[in-house]
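Using the sequences provided together with the hints, build the complete structure.
Now for the letters of each chain:
2 protein chains.
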Amino acid sequence: MFREKIKVFDCTIRDGGLINSHNFDDRFVREVYKALSIAGVDYMEIGYKNSKKLFSPKEFGKWKFCDDRDIEKIIEGIESRTKISIMVDVDRVDVEDVKPKKESPVDMIRVASYVKDIDKAIFLVNNFADKGYETTVNIMAISRALDNEITEALNQLESECKANVIYIVDSFGALYQESTEFLVKKFKSILKTKEIGIHAHNNQQLAFSNTIEAIIHNTNFVDGTVYGLGRAAGNCPLELLIGFLKNPKFDIRPILDLISKEFIPLREKMEWGYIIPYAITGILDEHPKAAMALRNSEKKENYREFYESLVGDDLD
Amino acid sequence: MFREKIKVFDCTIRDGGLINSHNFDDRFVREVYKALSIAGVDYMEIGYKNSKKLFSPKEFGKWKFCDDRDIEKIIEGIESRTKISIMVDVDRVDVEDVKPKKESPVDMIRVASYVKDIDKAIFLVNNFADKGYETTVNIMAISRALDNEITEALNQLESECKANVIYIVDSFGALYQESTEFLVKKFKSILKTKEIGIHAHNNQQLAFSNTIEAIIHNTNFVDGTVYGLGRAAGNCPLELLIGFLKNPKFDIRPILDLISKEFIPLREKMEWGYIIPYAITGILDEHPKAAMALRNSEKKENYREFYESLVGDDLD
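Same order as they appear, the protein sequences are chains A and B. Quick note on numbering: the first sequence equals residues 370 to 685 in our numbering. Quick note on numbering: the second sequence equals residues 370 to 685 in our numbering.
Any given hint might turn out to be false.
The list treats identical chains as one, so a pair stands whether inside a single copy or across any two.
Once the Cα atoms are required to be at most 27 Å apart in a straight line, the calculated DSS-like pairs of lysine-lysine come out as [what the hints assert, rightly or not]:
| hint | residue 1 | residue 2 |
| --- | --- | --- |
| 1 | K554 | K615 |
| 2 | K630 | K658 |
| 3 | K668 | K630 |
| 4 | K442 | K638 |
| 5 | K669 | K638 |
| 6 | K615 | K427 |
| 7 | K615 | K658 |
| 8 | K638 | K668 |
Hints were generated in silico from the structure; no laboratory data involved.
Structure representation (structure tokens):
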């Protein structure tokens with residue numbers, strides 16, 4: 370029996386943009402939007418809203434900035450009930466760039482924040498909520514946050530923040546299901562008035578199972594990406610999530626089509642997925658950046674040396 | 370804190386042999402055995418013991434038959450505490466081919482059986498146990514067995530069978546963690562005098578997480594294969610399992626080396642892993658054979674058509 374409150378949230382273009390400097394062309398993004406719409410996916414996150422004072426549009430594609438008119442060109446003429454989301458990072462967005470909801474094609478704004486930046490995240494979310502958007506706070510790198518810091522942040526979020534959803538983000542792909550269960554229960558115990566979300570990375574092939582684990586314990590916002598596309602090891606594969614959920618509104622067929630036609634060719638050009646250096650950073654609860662650097666070097670398959678470079682630091 | 374009773378069981382050569390008609394050369398098999406030995410893996414399964422009256426050694430490699438002298442050539446001169454296992458299928462083994470343990474390099478014999486063949490499995494296991502081997506019964510395709518049949522089989526195994534371990538085998542990669550938990554608890558409740566094992570397939574990227582789930586509920590024999598090698602979607606990646614377990618006797622380094630040097634090149638020649646048609650058969654709880662046929666055809670990337678061919682049968 371399905372739980373109607375579960376919302377499937379696709380972040381293919383947003384998270385995938387971290388591999389290609391947000392340079393997906395309009396045709397590709399429209400194909401993704403079309404397929405998600407037919408599949409019944411609830412949200413599609415299309416990119417980041419970064420300040421052009423901080424990042425140059427010459428260096429990055431349009432999905433690092435998400436101008437409303439660029440989004441309008443994607444969704445134009447496609448029948449859809451899929452809502453549009455954008456993400457902002459604390460300290461990288463100019464709130465003046467965000468117009469009131471009624472003037473924008475965007476439905477939801479998600480604020481990515483480390484635990485330590487929670488005050489900044491709350492400021493941003495409340496600004497966007499007041500402008501009429503659905504909002505979330507996505508707590509990144511949760512596997513390395515201290516329990517007392519999480520407790521304090523959650524209490525603040527519950528009492529001061531207008532976000533509809535608070536996300537557990539396993540940025541390093543380090544969580545096993547016992548820790549996922551622990552965190553979801555902790556979030557639920559403090560966040561009485563908000564939904565919980567999960568965004569999992571697939572370093573240890575646990576993104577899908579951690580998402581199921583979160584669902585079992587009443588997480589209702591679940592992130593996925595088509596064919597698991599995303600930085601480094603990528604994300605929870607959307608097709609598996611759709612295959613698992615029993616809500617008859619979802620249809621896996623358009624996603625299968627999309628993978629055949631667009632993602633198999635794309636995988637020849639872009640690298641993501643189960644790759645041993647990303648598994649190693651997941652096992653060690655480390656940011657994947659060292660592994661990403663390795664994959665761009667001649668030593669890309671020297672796994673043992675890479676492992677030893679990470680565990681070899683002197684302890685103090 | 371680690372649980373000393375947990376035994377890591379590698380079946381790389383045995384399950385991988387299902388892709389290449391058991392044609393791994395001696396050099397490769399010795400490299401695997403060496404690495405597993407240094408890594409501290411408890412068992413290595415090297416192949417099947419099939420009757421040469423039923424299968425021709427001209428059509429299949431030596432690891433479909435596992436003559437003792439072929440095994441001796443592999444392990445010769447390599448210092449190791451890793452035990453050797455072979456697998457037999459019900460109705461395909463000639464029990465006369467199995468010599469007493471004291472004359473053989475084999476330590477364990479695992480009998481693969483469907484629930485319906487449990488009487489035959491018990492007959493074989495008791496024969497091998499009487500010859501001095503450690504033994505298991507591996508109940509295949511458990512996701513499609515009726516609960517009353519499982520109950521009856523487990524009661525028989527508990528009262529009539531000398532096997533040390535009874536395995537849950539998710540042949541189709543169809544189990545989610547809730548069903549894994551259910552099955553492990555059921556097995557534990559009936560099998561008071563035996564250990565439980567799990568052999569998971571990775572169609573839905575759940576082999577590792579289902580193995581963790583089984584460990585949480587006191588499964589002590591856990592199967593994996595190097596880099597997930599195995600038929601179709603493959604198995605639980607041994608490197609993730611070693612990365613997860615906390616017993617200091619395990620060392621992931623030789624496995625990382627082995628993947629770099631042997632398995633990355635091998636993957637260019639043999640196909641296994643997360644491939645959408647195998648995900649589809651997992652989602653639908655079907656044998657992967659239709660997907661394997663698809664992957665050998667020109668329609669190998671026609672996922673939607675393949676999905677529809679499986680769900681399109683008329684109901685009655």
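How the hints compare with the structure:
1. Both within a single protomer and between protomers do K554 and K615 lie at most 27 Å apart by alpha-carbon distance, with minima of 23 Å and 25 Å respectively.
2. Only between protomers do K630 and K658 lie at most 27 Å apart by alpha-carbon distance; the minimum there is 24 Å, versus 30 Å within a single protomer.
3. In the homo-oligomer, the alpha carbons of K668 and K630 lie at most 27 Å apart only across protomers (12 Å), although the nearest pairing inside one protomer, at 32 Å, exceeds that limit.
4. In this homomeric assembly, K442 and K638 come within 27 Å of each other (Cα to Cα) only inside a single copy, at 25 Å, whereas the closest approach across copies is 43 Å.
5. Proximity of K669 and K638 under a CA criterion of 27 Å is satisfied in both settings, with 16 Å inside one chain copy and 19 Å between copies.
6. For the identical chains of this complex, K615 and K427 are neighbours neither inside a copy (44 Å) nor across copies (48 Å), given an alpha-carbon limit of 27 Å.
7. Taking identical chains as interchangeable, the C-alpha atoms of K615 and K658 lie at most 27 Å apart only when they sit on different chains, with a minimum of 25 Å there against 36 Å within one chain.
8. In this assembly of identical chains, K638 and K668 lie within 27 Å of each other by CA distance both inside one copy and across copies; the values are 20 Å within and 22 Å between.
Checked against the numbered hints listed earlier, the structure breaks hint 6 alone; every other hint is satisfied.
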